[in-house]
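Novice: Chain R is already provided as a structure; the job is to place chain Y on it using the hints.
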Amino acid sequence: MSTNVKQPEIKDIASQQSGADPINYSFMSEPGISKKVVEQISHYKNEPAWMLDQRLRALDIFFAKKQPTWGADLSDIDYSSIYYYLRPTDKVQNKWEDLPESIRKTYDRIGIPQAERKFLAGVMAQYESEAVYHSLKKQLEDLGVVFLDMDSGLRKHPDMVKQYFGTVIPAGDNKLAALNSAVWSGGSFVYIPAGVRVEIPLQAYFRINAERAGQFERTLIVAEEGSYVHYIEGCTAPIYTTNSLHSAVVEIIVKKGARVRYTTVQNWSKNVYNLVTKRTFVHEEGMMEWVDGNFGSKVTMKYPSVFLLGKGAKGDILSLAFAGEGQHQDAGGKAFHGAPYTSSKIVSKSISKLSGHTSYRGMVTIPHGMKGCKSTVICDALLLDEHSRSDTYPTMDIRESDTQIQHEATVGKIGEEQLFYLMSRGLSQAEAMSMVVSGFIEPIAKEIPLEYAVEMNRLIEMEMEGSVG
Amino acid sequence: MKTLTIDNLHVSIEEKEILRGISLQVKQGEVHALMGPNGSGKSTLASTLMGHPRYEVTEGTMQLGDVRLNKLGPDKRAKEGIFLSFQYPSEISGVSLQNFLRTAYNNLKREKGKPVPVLEFRKILEEKMKLLGMNPLLAKRSVNEGFSGGEKKRSEILQLAIIEPTIAILDETDSGLDVDALKAVAQGINALRGPEIGIVLITHYSRILKYITPDHVHILVGGKIVRSGGAELAHQIEETGYEGI
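Top to bottom, those sequences are chains R and Y.
Residue numbering for the first sequence follows our numbering, beginning at 1436 and increasing consecutively.
Residue numbering for the second sequence follows our numbering, beginning at 68 and increasing consecutively.
So that you can see chain Y by itself, here it is in the shape it has in the complex:
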């Protein structure tokens, strides 16, 4: 059982401090919802955990199990078991989603020099797409190119399903989705929930929490966690807004 431990994390971008001392523990098997208004630092935390080069950690540590993450690049963190579902995933023209996923799978799930046979991977992909109720044709299209908002988010969840990380950070996975797409994405996340994976669900609104019940809820305001609690905290936010905290 591994734990993601964030201890007194301070992060700046271009000398401006965004996160001012975040401490948080996420265990495998837990679902944490991290809520907060615009500009509170939610996405900064997500990008920093994944190792975005533009975010500078000025103080504090991030650790998964015994491994300190601070100095590792994004690819090394991915290998340690961190996954980020992007709010705005990049388009990669001319590279099919299935080839991209196979490369990711080989890098993260296979020993070096022992790639998964193409047919075997196709089976894994088909199975996961079926589990998430996705159209298999999507895998043949260029990564995120011309994808609708819903398709992008589902493609992120598909990647999560295939990579099976230890800790998954879902950055505003619910944003920009209509009710049906939201339900579908939430069902996907619920299907992947289990004792092997710890989830940090970052969201502005509580509506996705109608479909996914978190074990813990944290409220982030001004770069600090101002309150933590159980699922009931999300309902309170729904009624009173962040002003009421």
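Next comes chain R alone, as it looks inside the complex:
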């Protein structure tokens, strides 16, 4: 590609909004994917040549790989009708008046502030972070913590990004990871130096930020030896988009004795295919915890993974999925025990109502010679009516006898007696149902930061009101 075109430095969104943009990128607002689109994304972002090379190699892999057919039905995805890059200014796609009534109602119920709503609905490009963030940022910088959007991370710390990018999830991992590697934009780059414990969850203070939210965001977290961080992504408010594919990649490296917790609460609008690859390499005595809540989207396929690569490494995966009418949540977790004395725990809770469909899909692998490993898998499904559906696909590939494996699965229905009991105490049918559901997910909800948990409960109450009619 040509590099002699002078690029405007992307400083922040505000300068984008000033309208001073000498180059015509208008074709990028055309849908569809091609080499040219990928080149232009990289060019527009003024990226180093190696990143462009990586993107183009990934694009070839994307074209070569077949659409996965082993999970949810993805046959309706039309890659040629999707927009692969939107400049921040282009993200103002929608008019408030055009928003579906259901989305507006949900904002009311969850109590999302007006300014935040406009951002979530795509009628405003930027949501002003709270002032508190700026002092937090200073504190983090003093500790040597890097916390940037991925594009800035690449500009400011190219060597670090180059060292780790694509090492946990290479483009060849799967078709959607290849797509993300080719067209990624936004996401976060987080680096925690050795021994640093970040006590405040990152992202909690400014969960809304145009550069971090996107269709193809890419996140990389590196936790050096003995460090700790809790990263939170997403929000419970529905994110409305007319673009129907969200395909993110999250790579995490947990070094010796470090601990990372990654919490996601996803509520995409119900036209979105949410196909996300998340994986962590956990080294000796390290600890990774995935907490993953899925509410929105048409189809979600997401199986946060832990590769336990050093003796004593631990990985926990808590997965929660709620499938309402017309939704399929195909979620679960994967644990690969690549070192002896490693332990994993996967807890999956799913709720289906009306024609909603949840699947637990999990895989635990313990190769021969990996002595003293432990793994626990618990998957519980709750069906709210006779039309809902839940499947379980637990795969266990255990080739070592000196291990402790535990697997429990339950499927329950809300019972008539339970509802009668609660209603006899003055709860309406919807209130009774949401109380049973809240109780069911409590083991996971208590791991989610309080403000998110509160919003999640309101979301469930709304869903229950809808199901009673």
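Because the hints were derived from the structure by calculation, they are not lab data.
Please read all numbers here as calculations on a predicted model, not as lab measurements.
Be careful, since some hints might not be right.
[To be verified] Where chain R lies over chain Y, by a calculated footprint (3+ residues, C-beta under 8 Å):
id: 1; segment: 119-125
id: 2; segment: 189-203
[What the hints assert, rightly or not] Capping the alpha-carbon separation at 25 Å, the derived lysine-lysine pairs in DSS-like fashion look like this:
id: 3; chain 1: R; residue 1: K1705; chain 2: R; residue 2: K1733
id: 4; chain 1: R; residue 1: K1470; chain 2: R; residue 2: K1597
id: 5; chain 1: Y; residue 1: K207; chain 2: R; residue 2: K1881
id: 6; chain 1: R; residue 1: K1746; chain 2: R; residue 2: K1848
id: 7; chain 1: Y; residue 1: K181; chain 2: Y; residue 2: K219
id: 8; chain 1: Y; residue 1: K277; chain 2: R; residue 2: K1540
id: 9; chain 1: Y; residue 1: K69; chain 2: Y; residue 2: K83
id: 10; chain 1: R; residue 1: K1540; chain 2: Y; residue 2: K179
id: 11; chain 1: R; residue 1: K1806; chain 2: R; residue 2: K1746
id: 12; chain 1: Y; residue 1: K277; chain 2: Y; residue 2: K219
id: 13; chain 1: R; residue 1: K1848; chain 2: Y; residue 2: K219
id: 14; chain 1: Y; residue 1: K197; chain 2: Y; residue 2: K138
Each residue gets a CB set at the ideal place from its N, CA and C atoms; glycine is no exception.
Specialist: Same frame as chain R, now just chain Y:
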């Protein structure tokens, strides 16, 4: 002063008639014992009064004060002042007894949109648990999950104490309890007895009536009340059994 009036109540479940014309009046401040052998329809009457969807009223009426209950759902009946202490209360996993009770309290005792402050409710709860001699830790556990038989029944009485209904129906509150638990539950009920509450005490055996003296006793056999009388009727049952009626 409100009265629960049951008039010629016929109830079927899956087309089988269980109650065949029950008539009964319970005033606030009264305690009625309803006794009968297994299968006589005692629990059916309790569930029907609370509005269980599986029981079909084919004839007759249930009324509290001026309000006809027949068509109301269980939550609406609770709001009118009916309470049922369950023989087999359901378990609600992951929901603490105190949160459950606070929700019930807000629904039944507070105006809509004006929930009780959490600390204020905690005081009410502590006071009632103390009155019933209950271990406060029970309130932190999931509703009925892993509760012993005695704990379940005491939790039901605690709910009664907090909700303070107009009419309380106690369905076999004495069943499955050892002597100490029975005494404790009976003491709890006696402590709550008063001019504001009418109680229907449903029981198979007369032993709980050693601790709670009813104003009226009714004998239910084959879906009908075959005899009514005072406390002495219970003693007669103890001596002669239901066969002797």
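Novice: Next, verify each hint and record whether it holds.
Specialist: How the hints compare with the structure:
Here the segment 119-125 of chain Y counts 3 residues with a CB under 8 Å from a CB of chain R, which clears the bar of 3, and the coverage holds. Taking a C-beta to C-beta cut-off of 8 Å, the segment 189-203 of chain Y contributes 0 residues in contact with chain R, too few for the three needed, and the coverage statement is violated. For the hint pairing K1705 (chain R) with K1733 (chain R), the CA-to-CA distance comes to about 5 Å; that is within 25 Å, so the pair holds. A threshold of 25 Å between alpha carbons decides the hint, and for K1470 (chain R) with K1597 (chain R) the separation of about 22 Å falls inside it, so the pair holds.
Distance hint between K207 (chain Y) and K1881 (chain R) is fulfilled; the C-alpha atoms sit about 15 Å from each other, no more than 25 Å. For the given pair, K1746 (chain R) sits about 41 Å from K1848 (chain R) by alpha-carbon distance, which is inconsistent with the 25 Å threshold. Proximity of K181 (chain Y) to K219 (chain Y) is assessed by CA-CA distance (about 29 Å); at most 25 Å being required, the pair is judged violated. With a CA separation close to 58 Å, the supplied pair K277 (chain Y) and K1540 (chain R) exceeds the 25 Å bound.
At most 25 Å may separate the alpha-carbon atoms for a hinted pair to count; K69 (chain Y) and K83 (chain Y) exceed this at roughly 32 Å. Distance check on the hinted pair: K1540 (chain R) and K179 (chain Y) sit about 20 Å apart at the alpha-carbon level, within 25 Å; holds. For the hint linking K1806 (chain R) to K1746 (chain R), the alpha-carbon distance of about 10 Å falls within 25 Å, and the restraint holds. For the suggested pair K277 (chain Y) and K219 (chain Y), the alpha carbons sit about 22 Å apart, so the restraint of at most 25 Å is met.
With a CA separation close to 22 Å, the supplied pair K1848 (chain R) and K219 (chain Y) stays within the 25 Å bound. A hinted pair counts as satisfied when its Cα atoms are at most 25 Å apart, and K197 (chain Y) with K138 (chain Y) does not qualify at roughly 38 Å.
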